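2 protein chains.
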Amino acid sequence: MKTAVIGLGSMGFGMASSLVRDGHDVWGQDINAQRVADLHVAGGKGAATPAILASVDVVVIVVLNDKQTRDVLFGDAGIVPHLQKGTVVVSCATVAPDFAREMEGLCQAAGLYYIDAPISGGSLRAASGELTIMAAGDPAAFDAAEPVLASMSQNVFRLGDCAGAGSAMKAVNQMLVGIHIAALAEAMTFGMTQGVAPEQFMQVITKSAGNSWIVENRGPHIVDGDYTPRSIVNIWPKDLGIVLDIAKGAQFSAPLTATAMQQFVAAAGQGMGLDDDAAVAKVYAHNAGLTLPEGKA
Amino acid sequence: MKTAVIGLGSMGFGMASSLVRDGHDVWGQDINAQRVADLHVAGGKGAATPAILASVDVVVIVVLNDKQTRDVLFGDAGIVPHLQKGTVVVSCATVAPDFAREMEGLCQAAGLYYIDAPISGGSLRAASGELTIMAAGDPAAFDAAEPVLASMSQNVFRLGDCAGAGSAMKAVNQMLVGIHIAALAEAMTFGMTQGVAPEQFMQVITKSAGNSWIVENRGPHIVDGDYTPRSIVNIWPKDLGIVLDIAKGAQFSAPLTATAMQQFVAAAGQGMGLDDDAAVAKVYAHNAGLTLPEGKA
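Protein sequences, first through last, are from chains A and B.
According to our numbering, numbering within the first sequence proceeds without interruption in unit steps and concludes at 297.
According to our numbering, numbering within the second sequence proceeds without interruption in unit steps and concludes at 297.
A couple of the hints might just be wrong.
Because identical chains cannot be distinguished in the list, a pair is counted as satisfied if it fits within a single copy or across any two copies.
Below 30 Å or equal to it, Euclidean Cα-Cα: the simulated DSSO-like pairs (lysine-lysine) are [to be verified]:
1) K85 with K238
2) K45 with K238
3) K248 with K2
4) K207 with K85
5) K248 with K85
6) K207 with K248
7) K2 with K67
8) K207 with K45
9) K207 with K238
10) K45 with K248
11) K85 with K2
12) K238 with K2
13) K2 with K207
14) K207 with K67
Derived by calculation from the structure, the hints in this document are not laboratory data.
As the structure is a computational prediction, the values presented were derived from the model and not from experiment.
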């Protein structure tokens, strides 16, 4: 299908590459022109200009947050005026369910389909086309965009026929992931105070009731001292902030989420905002006078 | 091997049964005589009297905490005076590493071997002989007790040549498990406020980055409204209390552990101390005015 991917960061570039690999015609757009050039080298068709946007079937928006999503769609250089009626907008940023519903309404008013489609799985799965997509929207939009969704994902969960349900499920997932990353950091560094080396922690915990997807995914970053950003610390004050705002609105008390949030805020405050989110372990290590494993040269 | 199992609760009875199934001669001891009779019916040899204790190769102690462990070994009716020199004591309660080292010293002074051997996996795995054992102790003790350990477990991690390292790893595991149970409860009930039904939560999260062993193990209890105790709420104020005491002693700040602890304390305070630990979800539900799924009749 003819597809534009707006936002070619660590997630978007991988998703665009997965689309190219499956034979779709893929144009890109990013504030960094080098990313668009890189996509071209990787088999993309080039920049998603206004003329191109008028011809695509699907636009996948992979930006950081609600503000960027609104700018991409309806800002001064927004894409909506260029899209043909019936084009499917697939919006992947983590946003509040209310925001997703607002965007759906505005897109429908412009004759467009909107799929509320937050993603989970990280940059490696984005690149391999194995994301989980937590999606909600008009069934006709799913029918139209199905080949594009399939090329990017291992699982597409259809959670409802209008926007909001996808973002709600994403918020639930982010709540768990954020807590689990901080819990991994807390437990691995606590173990170090008791003579349990990080490698030994991984060996035992991955075979025990304390295991999680996050232990297996982020644990090796700490063991290797490798904080090359795959998912950055700064994601968490943002995403857990969204979660806590939604929770407050629902008068839902979320003490673990609030506590995990503070550890990521401290990590950002210590200058690690752009490091891999496993760097939250350094907050714990600093507080306890521990030395974490250092990266191999 | 000739084995005595002291403490025939939900874990100990399953472990004794696994030993019987593998052909060991198993005697039992419990404050509840019915449990000893039940073990006899299940193929056990009967009560571990002083005369029997003088003949066994291995004693497995599966009690609740450090106080009960000390009483079993060295209390007024303690077993140590009855054991032959060279008998291996396998101590499975979750205790502080310092306590394990103290018991090892006292047992060695009495001519006994001591294995610091906390267990993980829950009562179903105890019954199927598939526990994880986090063990530390004299290599000669491991050699002597190996067939008994093998019959009870899928994984025996040998974490060191003297007591303490097993209990340290168990504390690390309990920290993660306790946080993960409360996190599951927090996320599943948060989802309910956003229209995500518990069944849908399980369907999506088990395929997403938020997954954990605990989500898969405890989640169905909440979905089914089934709080039949497998591991009870009261375990957590005890075990997380041990963890927080060790952490404080190491000047280790453990904010998620402390927060999870409070949710379990609240669950116990609401009268759910003897319910399955997934009942901590009711604390969240109560705080948010939610109604959890009810049990099938």
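Hint-by-hint comparison with the structure:
1. When the C-alpha separation of K85 and K238 is checked against a cutoff of 30 Å, the pair qualifies neither within a copy, at 33 Å, nor between copies, at 62 Å.
2. In this assembly of identical chains, K45 and K238 lie within 30 Å of each other by CA distance neither inside one copy nor across copies; the values are 33 Å within and 61 Å between.
3. Within a single copy, K248 and K2 get their C-alpha atoms no closer than 41 Å, and across copies no closer than 59 Å, so neither meets the 30 Å cut-off.
4. With identical chains, the CA atoms of K207 and K85 are never at most 30 Å apart, being 52 Å at best within one copy and 34 Å at best between copies.
5. Taking CA atoms no more than 30 Å apart as the test, K248 paired with K85 passes in neither setting, with 37 Å inside one copy and 62 Å between copies.
6. Taking the shortest alpha-carbon separations for K207 and K248, only the inter-copy value of 27 Å comes in at or below 30 Å, while the best intra-copy value is 36 Å.
7. In the homo-oligomer, the alpha carbons of K2 and K67 lie at most 30 Å apart inside one protomer (26 Å), although the nearest pairing across protomers, at 70 Å, exceeds that limit.
8. Neither within a single protomer nor between protomers do K207 and K45 lie at most 30 Å apart by alpha-carbon distance, with minima of 46 Å and 33 Å respectively.
9. In this assembly of identical chains, K207 and K238 lie within 30 Å of each other by CA distance solely across copies; the values are 23 Å between and 32 Å within a copy.
10. When the C-alpha separation of K45 and K248 is checked against a cutoff of 30 Å, the pair qualifies neither within a copy, at 44 Å, nor between copies, at 59 Å.
11. Taking the shortest alpha-carbon separations for K85 and K2, only the intra-copy value of 15 Å comes in at or below 30 Å, while the best inter-copy value is 79 Å.
12. For a Cα distance limit of 30 Å, the shortest separation of K238 from K2 qualifies neither inside one copy, at 32 Å, nor across copies, at 59 Å.
13. In this assembly of identical chains, K2 and K207 lie within 30 Å of each other by CA distance solely across copies; the values are 29 Å between and 45 Å within a copy.
14. Proximity of K207 and K67 under a CA criterion of 30 Å is satisfied inter-copy only: 29 Å between copies versus 42 Å inside one chain copy.
The structure does not agree with the numbered hints 1, 2, 3, 4, 5, 8, 10, 12 stated previously, though it agrees with the rest.
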